[in-house]
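> Quick note, the sequences are listed as chains A and B, same order.
Under numbering that gives the first Met the number 0, the letters of the first sequence match residues 0 to 396, in that order.
Under numbering that gives the first Met the number 0, the letters of the second sequence match residues 0 to 396, in that order.
Mixed in with the good hints there might be a few duds.
Given that identical chains are not distinguished, each listed pair holds provided it fits within a single copy or across any two copies.
In silico DSS-like pairs for lysine-lysine, Cα to Cα no more than 27 Å straight-line [what the hints assert, rightly or not]:
| id | residue 1 | residue 2 |
| --- | --- | --- |
| 1 | LYS327 | LYS212 |
| 2 | LYS225 | LYS107 |
| 3 | LYS207 | LYS88 |
| 4 | LYS292 | LYS107 |
| 5 | LYS111 | LYS7 |
| 6 | LYS292 | LYS281 |
| 7 | LYS225 | LYS161 |
| 8 | LYS7 | LYS385 |
| 9 | LYS212 | LYS7 |
| 10 | LYS281 | LYS107 |
| 11 | LYS107 | LYS327 |
| 12 | LYS111 | LYS212 |
| 13 | LYS385 | LYS161 |
| 14 | LYS7 | LYS292 |
| 15 | LYS212 | LYS88 |
| 16 | LYS7 | LYS88 |
| 17 | LYS391 | LYS111 |
| 18 | LYS111 | LYS281 |
| 19 | LYS161 | LYS111 |
| 20 | LYS327 | LYS225 |
| 21 | LYS207 | LYS107 |
| 22 | LYS292 | LYS385 |
By construction, these hints were calculated from the structure, which means they are not laboratory data.
Since this is a predicted model, take the numbers as computed values, not measurements.
2 protein chains.
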Amino acid sequence: MQLERIEKLLNVYRDGLLDDTLPFWFPGCIDTEHGGFMTARNRDGAIIDTDKCVWQQGRAAWLLSTLHNAVEPRQEWLDWARQGLDFMKRHCFDTDDRMFFQMTREGKPLRKRRYVFSEAFAAIALAAWSKATGDENAARQSIDLFRSFMRYANTPGLLPPKGIPETRATRGLAIPMITINIAQTLRENIGEVDFCTTEIDRCIGEIKTYFMKPDMECVLETVGSKGEFIDHYDGRTVNPGHAIEAAWFILHEARMRGNAPELIATGCQILDWMWERGWDRKYGGMLYFVDVKGYPVQEYWHDMKFWWPHNETIIATLLAHHLTGEEKYEQWHQLVHDWAYAHFPDPEYGEWYGYLHRDGRISTHAKGTMWKGPFHLPRMQLYCWKVLEEMKGSGTK
Amino acid sequence: MQLERIEKLLNVYRDGLLDDTLPFWFPGCIDTEHGGFMTARNRDGAIIDTDKCVWQQGRAAWLLSTLHNAVEPRQEWLDWARQGLDFMKRHCFDTDDRMFFQMTREGKPLRKRRYVFSEAFAAIALAAWSKATGDENAARQSIDLFRSFMRYANTPGLLPPKGIPETRATRGLAIPMITINIAQTLRENIGEVDFCTTEIDRCIGEIKTYFMKPDMECVLETVGSKGEFIDHYDGRTVNPGHAIEAAWFILHEARMRGNAPELIATGCQILDWMWERGWDRKYGGMLYFVDVKGYPVQEYWHDMKFWWPHNETIIATLLAHHLTGEEKYEQWHQLVHDWAYAHFPDPEYGEWYGYLHRDGRISTHAKGTMWKGPFHLPRMQLYCWKVLEEMKGSGTK
């Protein structure tokens with residue numbers, strides 16, 4: 000990549016993060032009365048639902064603590080992160096060791112889901128917080144939550160299943176993928192090197208063994224318990240942006256291990272396959288779901304363009320280019336970056352819209368929901384900024 | 000309505016039912032090996048998923064039995080209906096008295112949901128079958144299933160709740176609405192007049208007491224246990240096509256009771272409010288979800304055009320015109336009929352597409368899924384055909 004382009008992109012991501020994304024969310028989404036973050040926001044940032052999603056408490060606290068660690072120490076970032084962590088600690092744990100999913104503004108539980116992703120995001124928040132503050136209790140809690148997450152996620156029967164596993168047992172890509180991310184975050188912030196690296200290797204192996212299908216040139220989202228292809232709606236439905244998120248976690252792991260060639264090969268293989276599947280040749284942008292055999296997809300929003308698959312694909316293509324020098328990835332990065340920046344940002348009130356129609360028209364003006372908060376976009380901006388700094392420093396072209 | 004238009008519409012609905020909708024589904028969707036119906040079908044009718052949705056077994060068996068009762072006695076309709084009923088009886092009941100939601104082709108259970116709609120559709124199927132065949136066992140089973148449905152649907156705590164009712168107890172429009180429809184179907188086919196009419200009155204009262212909000216000019220979809228407005232995403236999200244389905248169940252009740260004026264007023268009030276909410280002034284057609292305060296809707300497919308709200312609105316507007324003679328309803332009927340017939344039918348392979356974008360473009364070519372089968376469209380075609388016959392006979396204008 001030309002130095003000029005590196006510098007231009009670096010400014011887009013850094014300034015976008017510091018001057019646009021962060022001021023949109025903070026301190027406005029902080030509940031000064033009850034603590035925690037209210038992320039359901041209209042186009043202009045007005046709060047349209049005071050309920051609090053537990054995922055967003057952890058994700059936002061992770062982001063703010065990580066900014067303190069990676070950008071510069073700013074007391075206000077820590078003060079804001081503490082709001083989310085305190086709210087979680089006070090309200091978001093059930094009497095078993097599991098966490099809730101959705102809370103009232105005051106902190107009463109509204110919903111608990113059968114998944115353990117609230118725990119995953121709390122774990123990464125506590126890890127980043129412990130590094131930012133030296134809080135050893137937080138580090139211990141983070142490791143405990145990670146162990147609890149793994150126990151629930153990997154012990155069949157411990158969580159109530161969605162289907163009836165005696166008839167058709169399935170496994171999903173989300174569990175090994177998110178495990179890699181938690182383990183990487185704990186290792187970076189707390190330093191549990193052996194434990195985390197073992198888990199990362201195990202999960203990358205699981206993705207290769209069960210989900211990557213060379214004969215289909217595809218990463219599947221849901222497979223049988225032994226990796227069997229399930230030739231029904233659920234088993235055929237793949238989520239390219241989700242697999243590409245896994246791709247960059249693996250490429251990040253390669254980077255952490257001195258550009259390990261095997262990991263680069265695996266990450267790039269996933270990216271290559273899923274770019275082919277997901278990039279919309281008609282309108283540009285990443286399709287949400289596609290059927291691996293080309294049949295119709297049952298989910299209604301299959302052909303919409305969501306913000307987060309674009310964040311993940313922007314990271315993955317930039318990182319693949321950085322690690323391989325291949326021009327193809329620079330071209331893909333430019334394609335997805337340009338499409339995303341032409342359609343998602345709101346020039347008037349800042350931040351990105353989350354949900355576009357296939358052709359890029361806006362489907363909803365909401366900037367935040369129970370699902371969209373300050374996470375994927377600022378994580379992309381921060382990660383790409385730092386990768387570009389490295390590229391600039393190393394003179395990569 | 001002019002006689003010429005009555006006759007034209009009557010042909011559209013009758014011929015569409017007999018020459019287009021029915022041949023698309025039957026006998027092709029019948030599993031000659033394991034029994035039951037496979038409704039997941041591509042544009043041309045090819046089966047793309049062999050899993051069987053229990054809802055569709057009951058709905059299709061209801062349709063076929065009802066055609067035998069209402070159109071003409073045809074042995075093949077009964078033979079086909081029996082396929083669904085036998086499959087349900089052999090495979091679809093759990094060891095408690097509840098039914099499953101999704102089965103393998105062979106009849107093994109894949110999923111059981113926390114709702115009791117499988118039971119609702121089995122009850123109406125058995126009722127219509129019992130009338131068609133004189134099978135008294137089926138009539139008893141139908142009544143038992145209806146009682147079981149009501150017990151589960153109306154006893155708090157008996158079914159696992161989605162949320163945490165101690166924090167925010169809710170009630171949904173679907174339960175009283177579908178109860179009216181089951182009770183009407185049992186009364187029509189089995190004749191349990193007092194029992195069913197009492198239930199219908201109770202449910203219409205529930206809709207009026209808890210869900211109809213004159214100050215908002217709206218029927219809410221989800222309210223607090225005492226009918227309180229829930230000013231959060233879930234409580235603000237209304238489903239105009241669903242409320243309009245309730246409207247025509249109530250208008251049908253008026254028709255069954257000699258055009259009872261109070262019931263006509265209630266049904267038309269719902270239709271008037273929800274037409275205002277749901278009719279898309281920009282592109283035409285019925286929006287799927289709207290926010291009662293005009294805020295963004297959280298569900299991704301809020302502005303899509305689904306086939307079934309159009310089926311329900313076509314019935315409701317025609318019936319409202321028939322019962323009141325008001326020109327407004329004839330105009331609305333023409334608007335929604337014309338929009339639907341301009342966008343949903345597939346002239347090449349028959350039947351209707353199910354899922355369009357807001358502007359009427361096709362989102363998926365699938366004709367059938369776990370959710371879309373031979374029900375809403377043929378029910379509309381049959382019901383409107385019969386209403387138009389009545390209008391023709393009575394010289395309504």
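> Check the structure against each numbered hint from earlier and tell me which ones fail, lowest number first.
3, 5, 9, 10, 11, 12, 13, 14, 15, 16, 17, 18, 20, 21 and 22
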